[in-house]
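Top line first, the protein sequences correspond to chains A and B. Taking the numbering used here, I'd label the letters of the first sequence as residues 1 to 269. Taking the numbering used here, I'd label the letters of the second sequence as residues 1001 to 1247.
No lab work stands behind these hints: they were computed from the structure. One should not assume that every hint holds.
[What the hints assert, rightly or not] A partial selection of chain A residues facing chain B, derived with a Cβ cut-off under 10 Å:
1) Gln169
2) Ser175
3) Leu176
4) Gly177
5) Ser179
6) Arg185
7) Asp186
8) Ile187
9) Ala206
10) Ala243
11) Leu247
12) Gln264
Ideal Cβ placement from N, Cα and C applies to all residues, glycine included.
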Amino acid sequence: MNRREAYEARQRKRALILATISTLLVVAILVIFVPMAPGWEQVRKSFFSGDVFVQSFPKMAKAFLLNIAIFAWSAPLVAIVGLLIALARSVRSPALFPLRIFGAAYVDIFRGLPVVLVIYLIGFGIPGLGLPRPYNSPYIWGTVALVLTYSAYVAEILRSGIESVHASQRAAGLSLGMSERSVMRDIVLPQAIRRVVPANMNMLIAMQKDVALLSFIGPVEILRQAGIFKSLFANFTPYVVAAAIFLVVTIPATRYADYLMNRQRDARS
Amino acid sequence: MLEAEPKLRMRGVVKNFGDHAVLRGIDLTVSEGEMVCLIGASGSGKSTLLRCLNGLEPVDDGEIFLDSLDIAEPGLDLGPVRQRIGIVFQSFNLFPHMNALENVLLAPRRVLGKTRDQMMGEAEALFTRFGLAAHMHKYPDQLSGGQQQRVAIIRALAMKPEVMLFDEVTSALDPELVGEVLDVLRALQAEGMTMILATHEMRFARDVADRICFMDAGVMLEEGTPDVIFSAPKNERTKAFLKSILV
């Protein structure tokens, strides 16, 4: 071991000891002091009941499948609508100016509204038009609301990707006689999309969680199922179950997004 | 006997960037198969001139005739013009998400409607000819600067242009890689390509060019054969520039 390595080994050892002591300290405080709170017994029974956990879990997991289904068919729609809006905002031809205005207005409106509000307005408003049976479902219109909102965010991410591709790439394509359209499709977009994959992963994770907002307008997805169990058992544990199920999915997904982001940053430097 | 129609003729070409006049009435005539070198300080308008010829910068006034077609006509569809006039840039501008071969095949496929198979023989011949046969399937970031620039030249040649423009194509290269790119230019000249180069490689310009044009502040100050320009420049600014660069 040379001098530098010896020094770094000492530093690591020191850091490890400090980390261990501080972690133990925090855990001890939680374990000792939280149960000393006057309402702890009550909270333990109503949020962390083992019986309720076991009884509610199977149905909760099943309800979560609906979240996954809604997410699964929303995600591709968001990708398509987001791309179309991003392209509408990126066109240069003066003849297509109205398209740019539309794209800008779309993004302003849907980024400017709380998701819940959009879900209420579209999810209740459009079925209120008196559409025939399968088309008045809150599943459909709730999902549409989700897709419209998230497309606005994804469009902005994509647009930033498109703008990050250096102008010289465009010049190189045009100088070979390629059309604007072909330059966008073959040269700019492939580079832009690659650059914004990590950012879009984070959008998808956020949307996956926001599927739960549809519980406000009807579909019995996991959050609504939790609400039903809460009333049934007069106990809040089903919400903890829901939280646990969400974390099982979102933690690996966020870790993966971070991994992609780091890899991209390393590749660039 | 009729004088041969020039390949390219610029008359009174003007280009402004906002209030800044970059080209102030350029006249330049280039014959078929001629190699013209533009020299001059940075900012004298060499690059802009080339970008105007390729339609990447719209000119504000004046005429540019390619054969008998005025390519400075506002509103002209530039696609077909750009196929006839290729340009190679200082910074290569290869497409980083494609390998060298795909870089070369993209425009012929998209613009000329050729298939990969139709283009393959031709592309391979070009790669072989410029010593890059072993690198066809490498991505730009796996190639040296000199190799990337040669791929960029092949990419432009694959469109079968009638005129080639070179915008300081060796300025971004390490000194030991300049030679391999200049060799390519010599080979193109030997086969009769009409070429316009903006360059700082004075020795190369002197050895190879048919004509040297000295640009200063958006004006073509002096032009002539390399011997005349380098040995007996008339204009004071030309003298000063050559003195500063040839110490």
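> Should the hint that serine 175/A touches chain B count as held when the rule is a Cβ pair under 10 Å?
Replying inline: holds (5 Å)
> Holds or violated: is there a CB of chain B closer than 10 Å to the CB of alanine 206/A?
Replying inline: Status violated, d = 28 Å.
>> Just to be careful: measuring from the Cβ of glutamine 264/A to every Cβ in chain B, is the smallest value less than 10 Å?
In response: violated (14 Å)
> Can we keep the arginine 185/A interface hint, with Cβ of chain B closer than 10 Å?
Replying inline: holds (9 Å)
> Hey, does the leucine 176/A contact hint survive, CB to chain B under 10 Å?
Replying inline: holds (4 Å)
>> Take the shortest C-beta to C-beta distance between isoleucine 187/A and chain B; is it under 10 Å?
In response: Cβ of isoleucine 187/A sits 6 Å from chain B, so the hint holds.
>> A closest beta-carbon separation below 10 Å is what the hint needs, so does serine 179/A meet it against chain B?
In response: Holds - the Cβ of serine 179/A comes within 10 Å of chain B, reaching about 6 Å at its closest.
> Does the nearest C-beta of chain B fall within a distance shorter than 10 Å of the C-beta of glycine 177/A?
Replying inline: holds (4 Å)
>> Quick check on the hint: glutamine 169/A CB to chain B CB, less than 10 Å?
In response: Holds - the Cβ of glutamine 169/A comes within 10 Å of chain B, reaching about 6 Å at its closest.
>> Does the closest beta carbon of chain B sit nearer than 10 Å to the beta carbon of aspartate 186/A?
In response: Because about 6 Å separates aspartate 186/A from the closest Cβ in chain B, which is inside the 10 Å limit, the hint holds.
> Holds or violated: leucine 247/A as interface residue toward chain B, Cβ cutoff 10 Å?
Replying inline: violated (36 Å)
>> The hint names alanine 243/A as touching chain B; please verify it with the least Cβ-Cβ distance against 10 Å.
In response: With a closest approach of 41 Å, the alanine 243/A hint is violated.
When the structure is compared with the earlier hints, violations turn up for hints 9, 10, 11, 12 and for no others.
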